[in-house]
Structure formats: C-alpha cells, structure tokens
Amino acid sequence: MSWAGAGAFVWHETDVAPEALGLQLRDAGFSWVAVLIHDGLTVDPVEGDWVRRFRAASGLLVGGWGVLRTEPEREADLAHRLLDHYSLDFYVANPEAEYKFSNDDGPSGERYERSERFVQLFRALEPDTPAAISSYCRADTQDIDWRAWNRSGFVFLPQAYANDFGGAASPAACAEGAAGFFPSDAVHPTVGVYAGQGESPSPERYTALLDEAGTVGFSVYLAETGMYAGDWDTFGSAIAELEIARLPAETPRTPLLIESARA
Numbered sequence: 001m002s003w004a005g006a007g008a009f010v011w012h013e014t015d016v017a018p019e020a021l022g023l024q025l026r027d028a029g030f031s032w033v034a035v036l037i038h039d040g041l042t043v044d045p046v047e048g049d050w051v052r053r054f055r056a057a058s059g060l061l062v063g064g065w066g067v068l069r070t071e072p073e074r075e076a077d078l079a080h081r082l083l084d085h086y087s088l089d090f091y092v093a094n095p096e097a098e099y100k101f102s103n104d105d106g107p108s109g110e111r112y113e114r115s116e117r118f119v120q121l122f123r124a125l126e127p128d129t130p131a132a133i134s135s136y137c138r139a140d141t142q143d144i145d146w147r148a149w150n151r152s153g154f155v156f157l158p159q160a161y162a163n164d165f166g167g168a169a170s171p172a173a174c175a176e177g178a179a180g181f182f183p184s185d186a187v188h189p190t191v192g193v194y195a196g197q198g199e200s201p202s203p204e205r206y207t208a209l210l211d212e213a214g215t216v217g218f219s220v221y222l223a224e225t226g227m228y229a230g231d232w233d234t235f236g237s238a239i240a241e242l243e244i245a246r247l248p249a250e251t252p253r254t255p256l257l258i259e260s261a262r263a
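Mapping of the sequence shown onto my numbering: position 218 corresponds to residue 218, and the numbering continues sequentially without gaps.
Hints in this document: simulated from the structure, not taken from any laboratory.
Heads up, some of the hints might be wrong.
[What the hints assert, rightly or not] Derived CB-CB ranges, DEER-like: (1) Glu19 x Ala240: 18 to 28 Å; (2) Arg74 x Asp105: 15 to 25 Å; (3) Val43 x Ser108: 19 to 29 Å; (4) Arg246 x Ala97: 28 to 38 Å; (5) Asp128 x Gly198: 19 to 29 Å; (6) Gly180 x Ser202: 26 to 36 Å; (7) Arg246 x Thr42: 15 to 25 Å; (8) Gly109 x Arg205: 36 to 46 Å; (9) Ala17 x Asp105: 40 to 50 Å; (10) Arg52 x Gly226: 18 to 28 Å; (11) Glu73 x Glu96: 16 to 26 Å; (12) Arg74 x Asp128: 19 to 29 Å; (13) Asp211 x Thr42: 13 to 23 Å.
[To be verified] EDC-like cross-link-like pairs, simulated, lysine to aspartate or glutamate; straight-line CA separation at most 16 Å: (14) Lys100 x Glu110; (15) Lys100 x Glu116; (16) Lys100 x Asp164; (17) Lys100 x Asp143; (18) Lys100 x Glu113; (19) Lys100 x Glu71.
Just so you know, these numbers come straight off a predicted model, no measurement behind them.
Using N, Cα and C, we set each Cβ at its ideal position, and we do this for glycine too.
Turn these sequences into a full structure, and let the hints steer you where they fit.
Shown next, in the form of structure tokens:
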C-alpha cells in the first residue's frame, strides 16, 4: 500500500454502514480505512462482517489501529493475532503518554524503552505488514523514542488536531516537528473532525492547511463523527486538484474479486 493516499479512522464501526462509508471514500479518491481493534490488551471486536462488506462496496484497503498501554510485547502479539483474525491489510499503533520518557510522575526509562520493545516483536511477527504510528503532533516536544519506530519501517501519522489545539497542531506544525525523526515522505498528517475543545476547521480549511504543509497523504479522524457526504466531496476535490494525496490505483469492485492482501 501507499501511505501517500488518503485514509480514514473509525472507532465505532457500528455507527456507520460499511457500504455507505466505502462508497463515499472510494468516490472521493480515498485509499484506506482503519478500524479500532484493541486498547492495550483489551480487544475491541469488529462487528460481524463489517470488513468484508466495506471491501465489497469499495475495493479499498482495511487496516486495524490499536492504543498502546504498558505491555509492549503482549500488545504486539495481540495486534499480530488480530490482524490475522480479521485478515487486515495494515496496522496503526497509537502510543502516547505510556511511551514518553517524561510524564507527570517523573522520568522513566521503562516507558521510553517500550517503543523498541514493541517494534522488535511486532516486526518479528509481521516483517512485511505496512505499519504506521499515530501520536502527538509535535514529535520534537514529546520524548517518545521516535527513531525506534522509523528504524522499524513505521511511517508517522501526526495528530493534526487543530480542532483541539488550534494552529499549534496544524499539519505544517506537525511536519516541522517530525523533521528530525522521520523522512519527509513518511509524514502524513491526520486531521481531527470530531467535536474538539476549539473551533473545528471546515473541510475547506483543513484541505488548505494540508496544502500549506506540503505533505502528500493524510487521514481523517473520525469517519463516523461530523463527516457528511459533502465533506468527503470537499476532501476528494482537494485530492484531485491540490494533490494533497495520491489517488488509489484502479481496483476491481466485484465482490468475488476482492481479496485481502493477507489472504
């Protein structure tokens, strides 16, 4: 897969019909969707045949994302097993406070080392699976072991949640903060469209911010909240006109021909 395409995150897949979402994403020129599969060691089951129905409607890639907590090896193993169970195409890891050297309770080498511990086992189990890390916008202000993720082939999806943090979390700010840890072509911001603490930028404003950042490839968080047909169309127009993401390769959409990359 190419992370230079556009994607969308789903937390509660039961809140959105997979056929409707699949068609909206496909028609807007998106490439992938990621559904929540675990929070730490707690499995978040994906509803029935949601994945199959999404693929049948869209022909797009389906991956899983998971929140990382305090058991890196066990969580890496769980992610591996869930990827296999749901026949998913890629994985997005979401480490935050539990992976920082500094925190409210003081510095911790153990927290910092969790990145290396997670990626070592994950790559031993999933050497070829496309993978990304979703985390804080400004990598340069958060002391996670970012280089461990980059060395292990994870691209960076910084959380450009301007709806929560304003200009400090713009796509351009995220890209600037990542420059010392990830190559520029491995940085693909995620824009927040959920109800945040501040005024949420419109889709038109977000596409302009992505264009200003100069990155190629982005994602939307969350697909099931605050996104309407016209919003997907706005992002789709920007993909085509501003080239803020690449269009997916033509994919057959007859259900019998659609198979997981992991099948």
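Taking the hints in turn, this is what the structure says about them:
1. Glu19 x Ala240: 18 to 28 Å: For Glu19 and Ala240 the Cβ distance comes to about 23 Å; the hint holds.
2. Arg74 x Asp105: 15 to 25 Å: holds (22 Å)
3. Val43 x Ser108: 19 to 29 Å: The hinted range 19 to 29 Å holds for Val43 and Ser108, with Cβ atoms some 27 Å apart.
4. Arg246 x Ala97: 28 to 38 Å: At 33 Å between Cβs, range holds.
5. Asp128 x Gly198: 19 to 29 Å: violated (40 Å)
6. Gly180 x Ser202: 26 to 36 Å: Cβ of Gly180 to Cβ of Ser202: about 31 Å, so the range 26 to 36 Å holds.
7. Arg246 x Thr42: 15 to 25 Å: violated (35 Å)
8. Gly109 x Arg205: 36 to 46 Å: Given range 36 to 46 Å: holds, Cβ gap about 41 Å.
9. Ala17 x Asp105: 40 to 50 Å: For Asp105 against Ala17, whose Cβ atoms are near 43 Å apart, the range 40 to 50 Å holds.
10. Arg52 x Gly226: 18 to 28 Å: This hint holds: roughly 26 Å between Cβ atoms.
11. Glu73 x Glu96: 16 to 26 Å: Holds: the Cβ-Cβ distance is about 19 Å, inside 16 to 26 Å.
12. Arg74 x Asp128: 19 to 29 Å: Taking Cβ atoms as reference, Arg74 and Asp128 lie about 22 Å apart, which means the hint holds.
13. Asp211 x Thr42: 13 to 23 Å: Violated, since Asp211 and Thr42 (Cβ atoms, about 38 Å apart) do not stay within the stated range.
14. Lys100 x Glu110: The hint holds at about 9 Å.
15. Lys100 x Glu116: This hinted pair holds, its Cα atoms lying about 12 Å apart.
16. Lys100 x Asp164: Violated. Lys100 to Asp164 sits at ~21 Å, over the 16 Å cutoff.
17. Lys100 x Asp143: Holds - the C-alpha atoms of Asp143 and Lys100 are around 5 Å apart, at most 16 Å.
18. Lys100 x Glu113: Roughly 9 Å between the alpha carbons, so the hint for Lys100 and Glu113 holds.
19. Lys100 x Glu71: holds (14 Å)
In terms of the numbered hints stated before, the structure departs from hints 5, 7, 13 and 16, listed from lowest to highest.
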